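K.L.:
Chain residues, written in single-letter form:
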Amino acid sequence: MPNIYELANPVRFERLARPAIPWLAGATVILLGAGLYFSLFNSPADYQQSDSVRIMYVHVPAAWMALFTYTFLTMASAIGFVWKHPLADVAAKETAPIGAAFTLLALLTGALWGKPMWGAWWVWDARLTSVLILFFLYLGYIAVWRAFDDKARAARLAAILSFVGFVNIPIIKFSVDWWNSLHQPASVFRKGGPSIDPSMLTPLFLMAIAYTVFFAAALLQSMLNELAARRLTRLEAAETKTGSVLVES
Amino acid sequence: MTKKARRLYLAIGIVVFAAAAVGLTLTALKQSLTYFYMPSDVAALAERPATTIRLGGLVETGSVIYPKADDAAPEITFNVTDGEETIAVSYAGILPDLFREGQGVIVQGRFAPDGSLKADNVLAKHDENYMPKEVADALKEKGVWQQEGPAAQ
Amino acid sequence: MRALSAIILRDLKLAFRAGGGSMQAVSFFAIVIVLFALAIGPDIPLISKIASPLLWACALLSTLISLDQIYRADREDGSLDVIVATSEELVVTCVAKAAAHWLSTGLPLILATPALAILLNLEAGAYGPLILSLLIGTPGLSLIGAFAAALTVSLPRASLLISIIVSPLFVPILIFGSGAATAGAGGDPQFMSNLMLLGASTLFAAIFAPLASAAALRSNLD
Chain F
1 MPNIYELANP VRFERLARPA IPWLAGATVI LLGAGLYFSL FNSPADYQQS DSVRIMYVHV
61 PAAWMALFTY TFLTMASAIG FVWKHPLADV AAKETAPIGA AFTLLALLTG ALWGKPMWGA
121 WWVWDARLTS VLILFFLYLG YIAVWRAFDD KARAARLAAI LSFVGFVNIP IIKFSVDWWN
181 SLHQPASVFR KGGPSIDPSM LTPLFLMAIA YTVFFAAALL QSMLNELAAR RLTRLEAAET
241 KTGSVLVES
Chain D
1 MTKKARRLYL AIGIVVFAAA AVGLTLTALK QSLTYFYMPS DVAALAERPA TTIRLGGLVE
61 TGSVIYPKAD DAAPEITFNV TDGEETIAVS YAGILPDLFR EGQGVIVQGR FAPDGSLKAD
121 NVLAKHDENY MPKEVADALK EKGVWQQEGP AAQ
Chain R
1 MRALSAIILR DLKLAFRAGG GSMQAVSFFA IVIVLFALAI GPDIPLISKI ASPLLWACAL
61 LSTLISLDQI YRADREDGSL DVIVATSEEL VVTCVAKAAA HWLSTGLPLI LATPALAILL
121 NLEAGAYGPL ILSLLIGTPG LSLIGAFAAA LTVSLPRASL LISIIVSPLF VPILIFGSGA
181 ATAGAGGDPQ FMSNLMLLGA STLFAAIFAP LASAAALRSN LD
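Taken in sequence, the protein lines are chains F, D and R.
One point on numbering: in the numbering used here, the residue at position 224 of the first sequence is 224, and numbering is uninterrupted.
One point on numbering: in the numbering used here, the residue at position 64 of the second sequence is 64, and numbering is uninterrupted.
One point on numbering: in the numbering used here, the residue at position 184 of the third sequence is 184, and numbering is uninterrupted.
Hints listed in this document are in silico derivations from the structure and should not be mistaken for laboratory results.
The structure displayed is predicted, hence computed values, not measured ones.
For every residue, glycine included, the Cβ atom is placed at its ideal position computed from N, Cα and C.
One should not assume that every hint holds.
[Claimed, not checked] Here are the simulated BS3-like pairs of lysine-lysine, each with C-alpha atoms no more than 25 Å apart in a straight line:
#1 F:115 <-> D:133
#2 D:118 <-> F:115
#3 D:68 <-> D:118
#4 F:115 <-> F:173
#5 F:84 <-> F:173
#6 D:30 <-> F:173
#7 F:173 <-> F:241
#8 D:118 <-> R:13
[Said to hold, decoys possible] Here are a few chain D residues that face chain R, going by a calculated C-beta distance under 10 Å:
#9 18
#10 51
#11 140
Okay, chain F solo, but in the shape it has when bound (with noise of 0.2 Å):
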């Protein structure tokens, strides 16, 4: 078992996770497929929605992963800012996009429920908003990566910004129980156990794992390409300076 300090190599780092990914993007096909059949077609229509419930196993999985992502997001920016390792800030970097996009499928499904069970594609209730807020911290950390083009000052001050965004996560956890919103509050991770039935918990589990493993796999893959582009840049740096061309800079 390599340590922390080891993996945190980038040589190292590519050399473990390059053959991982394919595994991981197996596992994501097969897990993903079991998800769909066991929603879609292998579990009881809800007592109330009747079949709109199978939303929920797209939805709340995507939910709860644009929150996961984002506390991932934090740690590793804080491992970055604090060691000022590299391999942590490319980790914060690359889990930007792939958490907005699942913050934008949670918000898109949440539509799609919305309309025919609430009777509206959106309200502004309290859990609605700070999920779009945090939409729009995900597009504000992208944008700062990108304005810098010093990476290194752009690792430390992206990753300011995300412990200040950080805030809104428990104001998106807890929105539902400190105001009356119209969201519903919490179904699996609340006092007194799931208040679902353990048959409609299955395909939700399994699509959580689906979307957890499809996370790690694209986060790995987007790591290397991101390593893969900064050598080249190193390496055309490397370049013109042996080949002694003078860039106006």
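Add chains D and R to chain F, keeping to what the hints say.
P.N.:
Chains D and R alone, transformed into the frame defined by chain F:
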């Protein structure tokens, strides 16, 4: 001022500000900043608000009157209740799938002169319970059905 | 303490003298309000109903366009390096910069609000809650905005990036501020809880924004 003293003042300032902020938040949340009013909240007000409000509660069982096909202005009327107070609501428009008697709803509209609420919009509120129909029926049969409490969840 | 009042005084002089940002923000505020009123048309009851939220949103936008100025001039003439290097506590200096921004932008915006509210036919009872909510909320906008300005100070042009960063962070202040202004006018019991949450938002901003600003300035200047 020495560095130590400055840091101490800074820390004290932060703690005081944080305590004030948390105190304000908790007090405000105790007063329940709401997306909607409940019928007893409206009853507690000195007068019916003149502006558009959101009213939340359960659709009183047996109170829903659907419009007849030949009505000139088809309007559905029902009562919204929280177990203590009840407010009559009239609405002309498309109802969400989840609308039914005993279901939590949020109604948006203005009060008519007769004290009933003329709704522009009816939203159905879903609770956190998910189960197949058979399970719900079985629970009702066994008499352990607890989900239709007085408050709209 | 002397250094801090010197920073605030210098920033105020720069803001209020010719070419300063203070007049620009207030002019922008007035123009946007007029544009809204013209776009809505002659429906006076509608305008008067949405006057409070409109004034709140436009005050926020006017703050937004003035943020880029906070650290940029200091950065360009090199005084920012001196300020960062000589500050005893950079966090406190960041509070002073935000305070100077509020005095030169937030306060003039609030002073201009009653005049613009007349244009929008704001009800007489709504002035008090509106001004009170602006007084409590706009310092929070300056504090958060100064953080975004500090984050982007080493970029040549940043106003667009600042808007993207700052808008989601402004949302609680806008919701509670506008909510308090509207509820207060209608005698709504939610006035106090909105006002308290607005105060809490500004206090939280006063704690976290200067810490984050100081860290951002250090990262930008090394």
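K.L.:
Is the hinted pair residue 115 of chain F and residue 133 of chain D satisfied, with a Cα-Cα distance of at most 25 Å?
P.N.:
holds (22 Å)
K.L.:
Holds or violated: residue 118 of chain D with residue 13 of chain R, Cα cutoff 25 Å?
P.N.:
violated (56 Å)
K.L.:
Does residue 173 of chain F lie within 25 Å of residue 115 of chain F when you go C-alpha to C-alpha?
P.N.:
The given pair, whose Cα atoms are some 23 Å apart, holds under the 25 Å limit.
K.L.:
Against the 25 Å threshold, does the CA-CA distance of residue 30 of chain D and residue 173 of chain F hold or violate the hint?
P.N.:
holds (18 Å)
K.L.:
Identify whether the interface hint at residue 18 of chain D stands, where standing means a beta carbon of chain R within less than 10 Å of its own.
P.N.:
holds (6 Å)
K.L.:
For residue 84 of chain F and residue 173 of chain F, compute the direct alpha-carbon distance and say whether it is at most 25 Å.
P.N.:
Distance of about 30 Å is beyond 25 Å: violated.
K.L.:
Regarding the pair residue 173 of chain F and residue 241 of chain F, is the alpha-carbon distance no greater than 25 Å?
P.N.:
Between residue 173 of chain F and residue 241 of chain F the Cα gap is close to 52 Å, so the pair fails against 25 Å, i.e. violated.
K.L.:
Please verify whether residue 118 of chain D and residue 115 of chain F have alpha carbons no more than 25 Å apart.
P.N.:
Distance ~22 Å between residue 118 of chain D and residue 115 of chain F Cα, so the pair holds.
K.L.:
Given the hint that residue 68 of chain D pairs with residue 118 of chain D, does the C-alpha gap stay at or below 25 Å?
P.N.:
holds (19 Å)
K.L.:
Are residue 51 of chain D and chain R close enough, Cβ to Cβ, to be under 10 Å, as the hint says?
P.N.:
It holds, given that the least Cβ distance between residue 51 of chain D and chain R is near 6 Å, below 10 Å.
K.L.:
Would the hint on residue 140 of chain D be counted as holding, given a Cβ-Cβ threshold of 10 Å to chain R?
P.N.:
violated (37 Å)
When the structure is compared with the earlier hints, violations turn up for hints 5, 7, 8, 11 and for no others.
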